[in-house]
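Peer 1: Residue strings, one per chain:
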Amino acid sequence: MLRNSICIAASLLGLAASTAALADEAVRIGYAIARTGPFAGGAQVSQEPNYLLWAEQVNAKGGLMVAGKQRKVELIGYDDRSDTETVVRTYEKLMNQDKVDLVLPPWGTGQTFAVATLANKLGYPMIAPTASSKKLTDMKLPFVFTILQQPDQMMNALADMLVAQGVKTVAVVHVDDLFGLENVDALSKALASHNIGLLDKKSYPLGVKDLSPVLKAMKEKNPDAFLGITYPPDTILVSKQAREIGFNPKIFYAAVGTAFPLYKAQLTGNTEGVMGMGSWNAKTGAAAKDYFAAHIAKFQKEPDRWASAHAYASLQILQQAVEKVGLDRARIRDAIAGGEFQTILGPIKFKDGMNASIPGTVSQWQKGEFEVVWPKTRATATLVSPKPAWN
Amino acid sequence: MKDWIKWLPLIAALAAVPWLTNAYMVSLLLTCLMYVALAVSWVMFSGPSRYLSLATTAFFGIGAYCTAWGLGHLPWPLLLLGGALAAAGTAALVGLFVLKLRGSYFAVLTFGLSELALHVINQTERSISGTVGRVLLNPPEQDAIYLAVLALALAAIACCAWLWRGPLGHALRGIGADEDRAATLGVNPLRVKLAGFALAAAFAGAVGAAMAGRWTYIDPHTVFNPLIGFQTVLIVMVGGASRIQGAVIGAVIFSLLSEFLRMRFPYFYLVLLGLLLILSVLYLPNGLIALLPRKKAAAHG
Amino acid sequence: MRFGGLAALTDVNFGIGPGELIGVIGPNGAGKTTLLNAMTGVVAPTGGKVTVGDEDFSRQPAYVFARRGIARTFQTPRVFPEMSLHDNAAFGALFAGGDLLHGGHAHRAAREALDYVGLAGEERQLAGALPPARRRLLEIAMALTTRPCLLLLDEVAAGLSPLEVEQMGELINRIRTEKNISIVWIEHAVATLMRHAERMLVLHHGELIADGATAAVRADPRVIEAYLGETA
Ligand SMILES: Nc1ncnc2c1ncn2[C@@H]1O[C@H](COP(=O)(O)OP(=O)(O)O)[C@@H](O)[C@H]1O
Ligand SMILES: [Mg+2]
Numbered sequence: 001m002l003r004n005s006i007c008i009a010a011s012l013l014g015l016a017a018s019t020a021a022l023a024d025e026a027v028r029i030g031y032a033i034a035r036t037g038p039f040a041g042g043a044q045v046s047q048e049p050n051y052l053l054w055a056e057q058v059n060a061k062g063g064l065m066v067a068g069k070q071r072k073v074e075l076i077g078y079d080d081r082s083d084t085e086t087v088v089r090t091y092e093k094l095m096n097q098d099k100v101d102l103v104l105p106p107w108g109t110g111q112t113f114a115v116a117t118l119a120n121k122l123g124y125p126m127i128a129p130t131a132s133s134k135k136l137t138d139m140k141l142p143f144v145f146t147i148l149q150q151p152d153q154m155m156n157a158l159a160d161m162l163v164a165q166g167v168k169t170v171a172v173v174h175v176d177d178l179f180g181l182e183n184v185d186a187l188s189k190a191l192a193s194h195n196i197g198l199l200d201k202k203s204y205p206l207g208v209k210d211l212s213p214v215l216k217a218m219k220e221k222n223p224d225a226f227l228g229i230t231y232p233p234d235t236i237l238v239s240k241q242a243r244e245i246g247f248n249p250k251i252f253y254a255a256v257g258t259a260f261p262l263y264k265a266q267l268t269g270n271t272e273g274v275m276g277m278g279s280w281n282a283k284t285g286a287a288a289k290d291y292f293a294a295h296i297a298k299f300q301k302e303p304d305r306w307a308s309a310h311a312y313a314s315l316q317i318l319q320q321a322v323e324k325v326g327l328d329r330a331r332i333r334d335a336i337a338g339g340e341f342q343t344i345l346g347p348i349k350f351k352d353g354m355n356a357s358i359p360g361t362v363s364q365w366q367k368g369e370f371e372v373v374w375p376k377t378r379a380t381a382t383l384v385s386p387k388p389a390w391n
Numbered sequence: 001m002k003d004w005i006k007w008l009p010l011i012a013a014l015a016a017v018p019w020l021t022n023a024y025m026v027s028l029l030l031t032c033l034m035y036v037a038l039a040v041s042w043v044m045f046s047g048p049s050r051y052l053s054l055a056t057t058a059f060f061g062i063g064a065y066c067t068a069w070g071l072g073h074l075p076w077p078l079l080l081l082g083g084a085l086a087a088a089g090t091a092a093l094v095g096l097f098v099l100k101l102r103g104s105y106f107a108v109l110t111f112g113l114s115e116l117a118l119h120v121i122n123q124t125e126r127s128i129s130g131t132v133g134r135v136l137l138n139p140p141e142q143d144a145i146y147l148a149v150l151a152l153a154l155a156a157i158a159c160c161a162w163l164w165r166g167p168l169g170h171a172l173r174g175i176g177a178d179e180d181r182a183a184t185l186g187v188n189p190l191r192v193k194l195a196g197f198a199l200a201a202a203f204a205g206a207v208g209a210a211m212a213g214r215w216t217y218i219d220p221h222t223v224f225n226p227l228i229g230f231q232t233v234l235i236v237m238v239g240g241a242s243r244i245q246g247a248v249i250g251a252v253i254f255s256l257l258s259e260f261l262r263m264r265f266p267y268f269y270l271v272l273l274g275l276l277l278i279l280s281v282l283y284l285p286n287g288l289i290a291l292l293p294r295k296k297a298a299a300h301g
Numbered sequence: 001m002r003f004g005g006l007a008a009l010t011d012v013n014f015g016i017g018p019g020e021l022i023g024v025i026g027p028n029g030a031g032k033t034t035l036l037n038a039m040t041g042v043v044a045p046t047g048g049k050v051t052v053g054d055e056d057f058s059r060q061p062a063y064v065f066a067r068r069g070i071a072r073t074f075q076t077p078r079v080f081p082e083m084s085l086h087d088n089a090a091f092g093a094l095f096a097g098g099d100l101l102h103g104g105h106a107h108r109a110a111r112e113a114l115d116y117v118g119l120a121g122e123e124r125q126l127a128g129a130l131p132p133a134r135r136r137l138l139e140i141a142m143a144l145t146t147r148p149c150l151l152l153l154d155e156v157a158a159g160l161s162p163l164e165v166e167q168m169g170e171l172i173n174r175i176r177t178e179k180n181i182s183i184v185w186i187e188h189a190v191a192t193l194m195r196h197a198e199r200m201l202v203l204h205h206g207e208l209i210a211d212g213a214t215a216a217v218r219a220d221p222r223v224i225e226a227y228l229g230e231t232a
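So the sequences go chain by chain: A, B and C. Residue numbering for the first sequence follows the numbering used here, starting at 1 and increasing by one per position. Residue numbering for the second sequence follows the numbering used here, starting at 1 and increasing by one per position. Residue numbering for the third sequence follows the numbering used here, starting at 1 and increasing by one per position.
Everything labelled a hint here was simulated from the structure, so no lab data went into it. By construction, the Cβ of each residue, glycine as well, lies at the ideal position given by its N, Cα and C atoms. Accuracy of the hints is not assured; some may be wrong.
[As the list claims (entries may be wrong)] To be clear about the criterion: a stretch of chain A counts as covered by chain B if any three or more of its residues have a C-beta under 8 angstroms from a C-beta of chain B, and this derived list gives those stretches:
#1 41-52
#2 112-118
#3 166-180
[What the hints assert, rightly or not] Label pairs and their computed distance ranges (CB to CB):
#4 Arg-126/B <-> Gln-75/C: 39 to 47 angstroms
#5 Asn-248/A <-> Leu-227/B: 35 to 43 angstroms
#6 Thr-21/B <-> Lys-140/A: 51 to 59 angstroms
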């Protein structure tokens, strides 16, 4: 019984693989990503759309130039159901059975971890656009690169910006998962080194539904800055609740999701002066502007102003590496590690597997655009402080 | 009782799989076996007692954390045992309260248990190590995990068969049919339920401890994934709760089918899967197992 | 015994001696079943005391009563429908009869008990498939395997044909004489009951209005007024 089902499954799955292989000569690029489950929100905003957009653009131009020959790109993307075991299993299929030419990373830090060791073992280079963790970069896996800024970079930039604004006291609220804790750790160190007073520090669990008591207590303490190490739903939550209780410090910062178009839509007319994690916008450069327009043309929605562009840039890097050295994955890895690449975010180089070209950044909503305001070298607008009152 | 001998060739074939095929096939079978073990562990207690438990995720996660904490300090097989004991201990402790409730109250509370365990572990991790999430630096080989989960699946089946045949299974069945009546015939319901719940939890915990090695990185949200618990209950609904074969067949078919549909129809597979589930519940309310001929009910003893 | 504002049993005091067969009568709602419930831990009495031997059992759970040798049937039979007759009968032997570690003994006890009540040869059948009258017999077999010293029967003859009522009376009498088990038997079939029971209790609105030798109770004017008169 069991044996029969295994045979059936094997042949069915084999069938799926062989029909895929019919599109001859195409460069097959596989990935698993969350289309369902709790990670789908982030993955479908910042990551998968960029995979699709890039493949479409490359194919429109005739394909990827591999060893002097243009070959179409064929994406093989599966839903990972936000389940880690499914992620691992799917990449095992892609790399061991389907033997795809290249793989793209799944969404988020946790899932990237699971795939990273596997990709590294099997020699598939991978540039992770939505993984942000010292624990991951500390593993120093030769085939794994991160292109998003890491917690200490983002938090040092934030602290430097605070110093420049003359901020003396802050209140911090953070999500109590790895991302929140690593960031708050880096932030605390940076604040201490600049002698900025930490008046209050509160954590909250993932999926929190009410933070107004915490915010009220913080308002009492009257800090110069409010800093939230938050995820998209809580970013919107703290912003709305701070407005409700009239908590309007000089600097109001909330981390992930401030850069989402959704944030602007949810806070209707109340985004002015809010800061958060962002690294680019259409003014960053001509290439960024084209990308922005192409994203809107394909998906009828704007890309977010942080990870989206990193995801797209990671594909540009992969493309340039392939066009340089062909599909030999070890050589692609070396090319990525050693080269400098032209991307929509400007030139990018890696050092120790991390993006060495883009420093930590701070962005701020100004008149409907999420402007990069820190550091000056990457700024698209001048910082506005103090934050205007909520409407 | 000698039945199992005829299964030896299949067991041997399953044990040889890592040497015969590629890593994906091993991984696919591993998923099947993981859900076989989880579904059998679930049906072991909830089948006869009719206490619908949604705690599988909690026990699985607790087991996974045993590996996350112990790897590098203790030999891995010992960690599987640790995961089993930790899950069983939790089940016994929590069972003291929740097993007094019935029906949907029990289901809801057991679901809450995984949330509770998640937050307890989160707090513990933060206060002890100052961070959450653990990187498993030297995880066991995939083949070792496969063989361990195969052994756990077989052990769960054997344990379930033994349990159901003996007085504890008898008492659980009595409790499932009419708990107060069983008490008037000498059954101490709380004690029996605690034993059954804890034994079932032990297997889910051990499976969690085994699977954790595959993910490099463990954090509370990855291991306390509600999908695992829901899928386990669905599998038993599809396969049937009255016989062990129901859980086994359900787990294998469900795992293979959902994988096949997911690969073949990356965007619509959930709709298809949902449709198949509804059809199976409508037309096979007693599960796939109802399609298999039933041996004459074996007399007790 | 009270259920909210309702006094289901008030001031009901009586003892049961070894080997006695006591009949209990009383109109519907008199509190007969409640009395059995209080005597088996199915509901804890809100006041008063239940003693077994010298021990106070008032707060004990049902399984303690069962293990102490107090067995019962239910007015509407409560058998385990998806188990075979054999497994139904073995249940009590395992958990109250002391055969927990001796499956073989439980097996034998079950067969004997089924045999004794006249269900021999049907061991493999599912209890759910039994007609109601035979479920009552099965319940008695289930009670017997617990090896009781006191058996409480709640209207085991209700709904039976006159012949079956007679046979039931015989069976109960045999249990008492052959197994030396004390019996408390609630029944509306007063004639049969009085033929077999040497002592009668009469409940009325939760009060014990008569307790004595069958002949004396039969002649008691209060009983005639409250109960016998009604049914006559
Ligand atoms: N669990 C209960 N809750 C509330 N009232 C009850 C309960 N059980 C019995 N009663 C009430 O107690 C009274 C005695 O019931 P019962 O003992 O079943 O009577 P009998 O068996 O003599 O017909 C009835 O009025 C009945 O409605
Ligand atoms: Mg009654």
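Peer 1: Please write out, lowest number first, the hints stated earlier that are contradicted by the structure.
Peer 2: 1, 4 and 6
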